[in-house]
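2 protein chains.
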Amino acid sequence: MPSSTEEVSLIAKICHKNRIPMIPFGAGSSVEGNFTAPFSGFSIDLSRMDKIIAFHEDDLDVVVQPGVNWVNLNDTLKPADPSPTAHIGGMVATNCSGTNALRYGTMKDWVVNLTVVLADGSIIKTRRRPRKTSAGYNLNSLFVGSEGTLGIITEATLKLANVPSHVGVATVAFPSVKEASNAATAMIRGGVSLAALELMDDVQMRVLNKAGGTAGRMWPEKPTLFIKFSGSERAVEDSTDASKSIATIHGGTEFVSATDEKTMDALWSARKSALWAMLAIRPEGTQIWSTDVAVPLSHLAEIVEQSKESSSKLGLFSTVLGHVGDGNFHQAVMYNPDDPEQIEGVKRCVDTMVARALEMDGTVSGEHGIGLGKKHCLEKELGTATIGLMKTLKKSLDPHWLLNPGKS
Amino acid sequence: MPSSTEEVSLIAKICHKNRIPMIPFGAGSSVEGNFTAPFSGFSIDLSRMDKIIAFHEDDLDVVVQPGVNWVNLNDTLKPADPSPTAHIGGMVATNCSGTNALRYGTMKDWVVNLTVVLADGSIIKTRRRPRKTSAGYNLNSLFVGSEGTLGIITEATLKLANVPSHVGVATVAFPSVKEASNAATAMIRGGVSLAALELMDDVQMRVLNKAGGTAGRMWPEKPTLFIKFSGSERAVEDSTDASKSIATIHGGTEFVSATDEKTMDALWSARKSALWAMLAIRPEGTQIWSTDVAVPLSHLAEIVEQSKESSSKLGLFSTVLGHVGDGNFHQAVMYNPDDPEQIEGVKRCVDTMVARALEMDGTVSGEHGIGLGKKHCLEKELGTATIGLMKTLKKSLDPHWLLNPGKS
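Note that the protein sequences, when read in sequence, are chains P and W. Quick note: the first sequence, position 227, residue 227 per UniProt numbering, numbers continuous. Quick note: the second sequence, position 216, residue 216 per UniProt numbering, numbers continuous.
Take these hints with a grain of salt, some might be off.
Each pair may be met inside one copy or between any two copies, as identical chains are not told apart.
Stated by the list, open to error - When the alpha-carbon atoms are kept at most 30 angstroms apart in a straight line, the in silico BS3-like pairs for lysine-lysine are as follows: (1) 375 / 391; (2) 125 / 395; (3) 347 / 125; (4) 17 / 391; (5) 17 / 375; (6) 308 / 159.
Please keep in mind that the hints were generated in silico from the structure rather than gathered at the bench.
Using the sequences plus the hints, can you model the full thing?
Set out below in structure tokens:
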């Protein structure tokens, strides 16, 4: 549990000398085995490095240590919307994102510079503090999303965004996932200014009601879009109106919108509590396998419908949550870890979903990363030449294969 | 002049075998010596590879060869705003940007995937076609901005943005660069939704008038902000009003705004024709050295004022153009290439500007790249350890130093 960049560097020097694997650890909220230690070694827990080092209000940036929790930074920093326990270091290392990615992008879009300890313990800073630069290789993006396999992030300068002056939330139900997805794509393609655009399927909506609804509200048990707007008061009104008319054209009903905080929270809390509702209603002894893929926008409806069908054919209970504006969705499948047949089934579900995403020119991981869980799929996605290039990079930066080994 | 990825691969294999340097060439519009051949070798001219390979309207992306000219793609693709002659391949290789970067980001934000020929002639594709991914190292960002030193880009899939339903343009004059910069920063920090935010100094405005004004319009010869808005009709109105009141608080006068195409073009053409006006009025035999740096937002006013002062002290005529929303600005200095004293002077100007940017935690190049022109400054910016890491990457991908050598 180091408390400074220098201590991380010292640990890395010792590990490098003695060929001991190093596995950086933050909050432990990732889901693809990203921080497991299959080759033993040191788990380098960065949670004590939790300081905000500098807040440059006039430059709209903040310098933080990796152990800072994003919810604690939330009043000034709202780039993403991942697991509430996540730390900045892990968010950078996995290129994390969430419901706000549609408007704000993923973590890679918010990094100004990084201080990184390399495999041999040397310390580098990727760049200085301009918001825009064209000077040398883009080392930020090399380390963002590298899951601790190229270096250990010990400090980050992050861009800040203004909290919008006005926001709004709307929900609208559809007869089918296909119609909901088509409405979503039409909103994106129509250039409607949206801050978030999420889909929850009929099963997920039923789960919400079964868990008691949200903030006293019971929901139509149909595929539902959850939409966020932001901007000036009239810009929010315009976007709300435009979304409503596009939704209506595509069969949307029960359109509800709000701009007062209480109703907005009540509407959006359904989206926020989706996973918790699923956990609340699951039979004792079952677990949930949550995974994600992303595809080009035009294929989203098709892959969501196929994924729902294949899990139900296998007799598994599953729900779908989609960041539909990005072509990215999650399927959460319930299974009994003591039942080999169900384990086999859930694995087949995930593999089929991944294979379908690749057929559609998509990716095996839209936001969860590779870790151990998706390692076997990555070569299928990228081919041997591209994986070879990634291995060349890994070898050049970590020749003794000490940084989070087994994940790359 | 290859016409396919396979031909580029074949050329690279021959060059690799015979250790011949390869210098990719597109439109030749970069300004830091990025495509010169100081170690001889083959200039690989990609201008025959000018096909639009696929247009996926429903996925909001387009697949193009590197020799496609961005102006020709402009009806569907409006991410940047660089030299009008630029080709997509060079725009990717230099991480190009321009006045639209404030809203849309730089080239790195618009690349879905790249096909790249490596130094040994092997062909890789960085990823498939999802708009969002978290699968493996971010090879897109490794090649974007690498100026042809890591591989030759032979195909790119680019995201498309919707053309906004409404746009607006405004201009406003200020008593000083400081007040104009402060107004600009206040607009950014106030969260006003802007599509572009540009500064031209009093000298540049005088140059415009001297060259005959723009579209029949003569300008106040004061530091002037040029602002673009986009969104719904009322969103454009709101942003225009908000900018006007912030400008007024900071001493802005002569605020003019327009939403009709003719007036907008007349106003914005002043910004577009700045460089050409300078070329038009320069005395015979003189040349213009145009360079750029970027600094954290709060330092912009200071560095612009200091740079103006130091060039005028050296007796050199210079103008300032700033992408002020990004903390990035250009100084264009006029000099006589036959006068050793003036050459010395302009070099000193650039070096002082670069040194100042670094003191302010900025970068030696906000958007022009490094090439040969800024090579001597990069180590000062990043330090030996970071440059060492870049060299490690270069060596691992191009061990024989064949790709655009001398630039990295």
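These are the hints, each one checked on the structure:
no. : hint      : verdict
1   : 375 / 391 : both (13 angstroms within a copy, 29 angstroms between copies)
2   : 125 / 395 : both (20 angstroms within a copy, 20 angstroms between copies)
3   : 347 / 125 : between (41 angstroms within a copy, 28 angstroms between copies)
4   : 17 / 391  : both (22 angstroms within a copy, 23 angstroms between copies)
5   : 17 / 375  : within (28 angstroms within a copy, 34 angstroms between copies)
6   : 308 / 159 : between (38 angstroms within a copy, 29 angstroms between copies)
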